[in-house]
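Chains as they are written, first to last, in our numbering: chain E, 1 to 460; chain Z, 461 to 922.
Incorrect hints may have been included.
To be verified - Chain E residues, not near chain Z, derived (Cβ > 10 Å throughout): (1) Gln22; (2) Tyr78; (3) Gly114; (4) Gly155; (5) Gly363; (6) Asp364.
Unchecked claim - Here are some, though not all, of the chain Z residues that point toward chain E, as calculated from beta-carbon distances under 8 Å: (7) Arg600; (8) Leu644; (9) Asp844.
The hints are simulated quantities; they were obtained by calculation from the structure and are not laboratory data.
Beta carbons: idealized from backbone N, C-alpha and C, even for Gly.
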Amino acid sequence: MAETVLVGPSAPPRPDLAELAQRVAGWARPGEQVEAYVARGRHTSVRVFGGDVESLSSAESEGVGIRVISGHRQGFAYAASLDPAVVEETLAEARDNAGFGTVDEYLGLAEPDGVAAADLDLYRPEASSFPTDAKVELALELERATKAADRRIKGVESADYGDSEFEGAIATSTGIRASSRRTVCSLWSSAMADDGRGTQTGSGYSVARSPHDLDVARAATDAARRATRLLGAVKPATQRLTVVLEPSVTAALTGVLAGLLSGMAALKGRSFLAGKLGEAVASPLLTLVDDPTNPEAYGASPFDAEGLASRGNVLLDAGVVRTFLHNTYTGRRSGVPSTANAVRGGFKSTPGVGSRALSLAPGDLDQEALLAAIGDGVLVQSVTGMHSGVNGTTGDFSVGIQGLMVRGGELAEPVREATVASTLQRMLGDVVVVGADREWLPGGAAGMTLAIGDVTLSGS
Amino acid sequence: MIDEATVARVLAEALRAGGDFAEVFVEDRRSSSARLDDGRVEELTSGRDRGAGIRVVRGETTGFAHTSDLTEAGLTAAAAAAGAAARGGGEGVREVALSRRRPAPPAAVEVLPEDVPKAAKVELLKRAEDAARSLDGAVRQVAVTYGDGRRRILVANSDGLLAGDDQVRTRLGVSVVAGADGVLQTGYETAGGTVGFEIYDRVQVEDVARVAARRAVDLLKARPAPSGTVPVVLRRGAGGVLFHEACGHGLEADLVGRDASVFRDRVGTQVASPLVTLVDDGTYGREWGTYAVDDEGHEAQRNTLIHEGELTDYMWDFLRARKEGRESSGNGRRQSYQHLPMVRMTNTYVLAGEEDPEEIIRQTPYGIYCVQLGGGQVNTATGDFVFGMTEAYLIEDGQVTAPLRAANLIGNGPDVLRSIDAMGDDFDTWAGTCGKDGQGVPVSSGQATLRVTGMTVGGTGG
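So that you can see chain E by itself, here it is in the shape it has in the complex (with noise of 0.2 Å):
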């Protein structure tokens, strides 16, 4: 195989984005508010298929997001170029956008708050300098280790790896100064087990800030366990049970939980837990923490999508809602300090408000000893739907799943087209057990294995 060398696209030099925030920060005019936040990643995708790459790609991609704020009307424009003039057009776009707004006496810009950033070790070099023809191996090792993992696998849907790195800094013109970079790589496999009996799914995955921490056998083995163990499976009778959450399943869960705390929900009445602050709305084992401080969690970065140094906040302590997660203007129409939790899905959008390193406080369980706890009920493995079946204002949920039974203390025979619903209401209520076997996951939470008694499991 030839040697590959990858070069970067853009041949011009590369401005400093701190620099290039400064300076943008730096055209506010008199009794105007601007905020530059410029961000630059580097991403490198290889998909193999049958022992062949099938697709590499790799590239950077770079832009700004300008909010201006004047006669506290708020305006915000992008560009995907940190082309001088295309900045300056957008700043232009920004305070046009400004006049059109609803006069709103809580807008502003953060300011500094004292809050001393975490000095976070986010950034490997090796992410960028691990030779192509090494992420390339890694994902063709991947197919065939999930291939090899049993005799079952008839297939592998997909074997991916990938990498990104990403640059970003924030200034304003109220003297916020914060720049941040960080790396993470991973492996992702999707198996397809059949045994004559159909054909049956699951995924592994491993995810680290280098390649070289990347696990290929964990998520080899994974993959195959999971669509292995499925095979067979059918559809359960209709009742009520106690529900075991995989990892995976109890972490898109906690994000629902984070989504019902955001201050922006709370005072726009989109949350049944609106006004709940210092009541218990939940079991007292659940004890909900966002700590973007910690740097186990990939969500981690020393800075809030606003510039503010990152904290970690108590959500629910013991059932409790101890605080709402707020950035600076949800704060302000509170009447609290922002809690840092301003976030962005990249430079094409304003701030708004959510966490990043979210966990429920680990119980003491393993998964063995919390399914020989509950004695009955359903391991779910993964869940579909939870777009359209789940709902933070009304507290709706029902969402498909796959899994296995579990009788006594043990699993059972596998289960799909099926669903599982409640309210999440009563399922914060109805919380058994917190697993102990904590992991943090690729995105912004960790999850462990969760037991909720007397939810609604539909089949025939």
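Put chain Z on the given structure of chain E with help from the hints.
Showing chain Z alone in chain E's frame:
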């Protein structure tokens, strides 16, 4: 956007290290959006995205790179990176002549949104909000979002193709929260299309807002959806998502080629009830998934996928079609120049039947009547899929009765397609964003009122 001679040189550069095929995709996208929420016009956003994606195919491998630098130097660097990624071995230079020119048709719109004053867009938001708030005292919160985008593309490849398109889309969505007695409910409605600002001459934003508000208010009296397996009647428009999930994705040639579809090797066989004729049509009207040319430069087509229950064909992009020695079906799409194209649906719909929709309900002793769906998800390898119902009612003794709280329905694609036993003579469509492998593209789906003899309802009721 870029002159022909430059494009030809960039393609030659892409193939300098060898390769069977190279393509340059250039995109220039301008968008504007406005959001009113909580009684405030929160902000107007303007965006500009411009760049090129270059791919080189060599054997089974595709190399891809993208850049926002549209100078010849920037494009050449990206072409070299894509060529290297395709793992070329330095096999020589190739001339590229762009002989198959297909000029971009002008955007098929009457009023370009970029020519509309921002104040007029803000005015739409306020009108919608007023209409929603004045419908009922139980309305607690209203969010209105407006968005328009103009996407100009140019595609050139080493087969000599040079094509372009100018796509304009406009959309408005209204989201309402209603509350009473400690219960909150939500309602949503949207109107949009591959159309300019003239859509608001035909669609009154007040009507869109009232539908959303009515939905939220009526749901305040809703009871939990049942659990277990029951007959389901899907009203026209609402159920198109069922076909999108139950078989649409499974008929995408890339998933079929990976053996990740329950519809593999089923062409020519009966896969659905004879009442089902399913079409994917990128040329259909001014729908959300309509375009003139796909993101590989191929013209949009009307493709029959299932004819009276028999599977007739899959959907194809260029790469998968080339492998099979056939033509693309015009289904090669990508979210932006930063993404590789893959097989995607456009407007996917089932042709109407002959039955009176009201009669279908009357002949259903017990079941669920779905009026609006909120999206779905499918595992194409097993065929199991879900979709959420956001407005639904119980059917008792042939009558539509109590409103039901939101829940997901789950079914298996091939089973559900075979158990459709009634097809109405009405028709409507539904617009949404379809996600696949992290890429979102605008699509629509459509169908007549129809009945499925049994699906599992994810409720908590008896």
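Here is how each hint holds up against the structure:
Listed as outside the interface, Gln22 (chain E) is consistent with that label: its C-beta sits roughly 22 Å from the nearest C-beta of chain Z, beyond the 10 Å cut-off. Its beta-carbon lying about 5 Å from the closest one in chain Z, Tyr78 (chain E) breaks the requirement of being farther than 10 Å from that chain. The beta carbon of Gly114 (chain E) is kept farther than 10 Å from every beta carbon of chain Z, the shortest such distance being approximately 29 Å. Not every CB of chain Z is more than 10 Å from the CB of Gly155 (chain E) (nearest about 5 Å), against its label as outside the interface.
No beta-carbon of chain Z comes within 10 Å of the beta-carbon of Gly363 (chain E); the shortest separation is about 27 Å. In this structure Asp364 (chain E) is separated from chain Z by more than 10 Å, as the shortest Cβ-Cβ distance comes to about 31 Å. The interface hint given for Arg600 (chain Z) holds, since its Cβ lies 5 Å from the closest Cβ of chain E, which is under the 8 Å cut-off. Among the interface hints, the one on Leu644 (chain Z) holds; its C-beta lies about 5 Å from the nearest C-beta in chain E, closer than the 8 Å criterion.
With a cut of 8 Å, the hint placing Asp844 (chain Z) at the interface with chain E holds, because the nearest CB-to-CB distance is about 5 Å.
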